[in-house]
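*Asks:* Please model the complete structure; the sequences and the hints are all you need to start from.
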Amino acid sequence: MKTRAELAVLVDRLRGPLREFVRESRVRMAVLVNASGQLLAQQGFTRGYEVTNVASLAAAAHAAAAALADMTGARRWTHLHNEGRNQHMLLAPYRTGGSDLILVAIFDRSTSLGIVRLFSDRLGDRLAAIPELRAASSVRDASRFEEELEGGVRRVMGESA
Amino acid sequence: MTEAYERALESILRVDGVRAAILVDAAMGVPVVMETDPDVDGDAAAALAAELFRRTARGAELAGTGELRTLQLAASEGHLLVAGAGDLLVVALAAPDAQLALLRVEAGRAAGALA
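Top to bottom, those sequences are chains A and B.
Counted from 1, the first sequence has number 18 at position 18 by my numbering; the numbering is strictly sequential.
Counted from 1, the second sequence has number 1086 at position 86 by my numbering; the numbering is strictly sequential.
Do not take every clue at face value.
In silico contact screen, one side only, chain A against chain B (beta carbon under 7 Å); selected entries [what the hints assert, rightly or not]:
#1 Ser112
#2 Leu113
#3 Gly114
#4 Ile115
To be clear, the hints were calculated from the coordinates, so they are not data collected in a lab.
Everything numeric in this text was worked out from a predicted model, so none of it was measured.
In this text, a Cβ means the ideal position worked out from N, Cα and C, and glycines have one as well.
*Replies:* Laid out in structure tokens, this is it:
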């Protein structure tokens, strides 16, 4: 199977677990992006947000947090929580065979940080069971994989829009 | 302040059959201080207990029964007790044969001291 075809399958496979996460945790919206900031899946009330900007900023926050974790000896961060006046945002990274995936979840007072964290952990378990994410580790040339991923995501997102 | 929180849990942990005692941030659903058996997922217990308390409190409000103070859930494998303490919740998990009456008293006292 070619990489683009694999990516189309991967994007399709992410949809179900993310939908379940949104339903169970009652977040307003959730997106999954890769470490390059490319949007792979979105669920919930995403229309109120510039999701591509959210994706890019999430990747930047992930990179900054990872660098900070390195500097402080914390090694790897498990989640990042921002509390606003009316809304909260949780970022959680998931290590996969290839690039890290990052969950961005925006929620309000209809749920709680504890619940969102709990179900984000379960989402991580479901993602770990996706064969296409494990198989990504077989791609040796990471930069080429990223390029193909980017092209594939554009194509898949364009097709589904 | 952390010492006061830990003291609040000590009396609960002395009750026979208690498997976990957790002080939970009620709004966030995350543990502030906790002592649990190794097989208890304290983070999950805190999140779910806070959610249950919040929903039950809403139900009590709608039913006109006033402010929810304590909540006890009995299940085949044990008991969950949650007592409101202002912005905090006192959460206890206990085995089916735990001394529930004493646990209720101690959880109530801890909540009263923290509220």
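*Asks:* Please go over all the hints and tell whether each is borne out by the structure.
*Replies:* Outcome of the hint check:
1. Ser112: Ser112/A check passes; min Cβ-Cβ to chain B is 3 Å, inside 7 Å.
2. Leu113: Given a least distance of 4 Å, the restraint on Leu113/A holds.
3. Gly114: Hint on Gly114/A: holds, closest Cβ of chain B at ~3 Å, below 7 Å.
4. Ile115: holds (5 Å)
Comparing the model with each numbered hint stated earlier shows that all of them hold.
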